[in-house]
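Go ahead and model the full structure; you've got the sequences and the hints to work with.
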Amino acid sequence: MKANQTVLKEFILVGFSSYPHVRTFLFVLFFGLYLLTLTGNLAILGLTWADRSLHTPMYLFLRALSFSETCYTLTIIPKMLADLLTEKRSISVPGCGLQMYFFLGLGGTHCIILTLMGYDRFLAICHPLRYPLLMTNVVCGHLVVSAWAGGFLISVTETALIFGGSFCTPNLIHHFFCHMRAVVRLSCLDSDLTELLVTMISVSGLTGTFLLIITTYIFILSTVFRIPSAEGKQKAFSTCASHLTVVIVHFGFTAIVYLKPEGSGGDDTLIAVPYTIITPFLSPLIFSLRNRDMKNAFRKLLAKRSFWNT
1 MKANQTVLKE FILVGFSSYP HVRTFLFVLF FGLYLLTLTG NLAILGLTWA DRSLHTPMYL
61 FLRALSFSET CYTLTIIPKM LADLLTEKRS ISVPGCGLQM YFFLGLGGTH CIILTLMGYD
121 RFLAICHPLR YPLLMTNVVC GHLVVSAWAG GFLISVTETA LIFGGSFCTP NLIHHFFCHM
181 RAVVRLSCLD SDLTELLVTM ISVSGLTGTF LLIITTYIFI LSTVFRIPSA EGKQKAFSTC
241 ASHLTVVIVH FGFTAIVYLK PEGSGGDDTL IAVPYTIITP FLSPLIFSLR NRDMKNAFRK
301 LLAKRSFWNT
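Position 178 of the sequence shown, counted from 1, bears residue number 178 in this note's numbering, the numbering being contiguous throughout.
Read the hints as simulated data drawn from the structure, not as lab findings. Incorrect hints may have been included.
[Said to hold, decoys possible] List of simulated lysine-lysine pairs, PhoX-like, C-alpha gap at most 20 Å:
no. : residue 1 : residue 2
1   : 9         : 79
2   : 9         : 88
3   : 295       : 235
[What the hints assert, rightly or not] Quick list of simulated restraints, FRET-style, between CB atoms:
no. : residue 1 : residue 2 : range
4   : 146       : 222       : 24 to 34 Å
5   : 141       : 78        : 48 to 58 Å
6   : 29        : 127       : 40 to 50 Å
If you're wondering where the values come from, they're calculated on a predicted model, not measured in any experiment. Just so you know, even glycine gets a beta-carbon here, dropped at the ideal spot from N, CA and C.
And the structure:
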């Protein structure tokens, strides 16, 4: 048992207080990236809803991904931005639990949807004739609901393990949000076992979804290499390029945090910036700029607006 046991009502998020001279700069930088992230995701949501030619499973998955990413950033970035401008960086214990629950749930949902997008591309390229029967909009909707259920099932398990006991002083969370590793170390009970369990659950989820995506791309590549024409190969690759790029960025940055050995050094606050701020910013950018259908839908929308304004 740890010393200084008490009933805590709030935690203090240490966050970027170690960098007082750059907090204003960080606020401007992160606020700008957050606005661009919201704009990009809302644009994807709007275009995939307004353009009927994008009412296909591929873009339904993309819409679900953009929606989960929008909610994912809402759970931590507004609070982090407010804390950059104030000296009182507290969060209530129930509020911390809710933030962790939604952050982990939406993060898990995000990983599962990326996996489902890989499965969708696998069916489209490896089984093109059966694809319209195997992947309908109804099936796509059911898979998206399953992704949300799976993500939040993992989340409620991890959050219950961490918040099942009491917490000890000092109540300082050395992070800019309620990261599970930072919070579990404040537990009054021996936190090593709980930290090991929640880390294993997260790492298993990350590696499991990543390996499933890699497996689908092994089959995709084996099929693409058998396509006789260079044009056919390029067309098949182009449908996967955006998704594969986002997968590498997302899982690469996340692995740095969750696979980092204990005692390896490094500021956890700075290490978390890429997968909480940079990755959500890059994701809609990659899907928009590298997708011909999205750019065509945007041009059609602009053409309609110019038509009605004349």
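Taking the hints in turn, this is what the structure says about them:
1. 9 - 79: Distance of about 18 Å is within 20 Å: holds.
2. 9 - 88: With a Cα-Cα distance of about 15 Å, the restraint between residue 9 and residue 88 holds, given a limit of 20 Å.
3. 295 - 235: 16 Å, holds
4. 146 - 222: 24 to 34 Å: Given range 24 to 34 Å: holds, Cβ gap about 27 Å.
5. 141 - 78: 48 to 58 Å: 29 Å, violated
6. 29 - 127: 40 to 50 Å: 45 Å, holds
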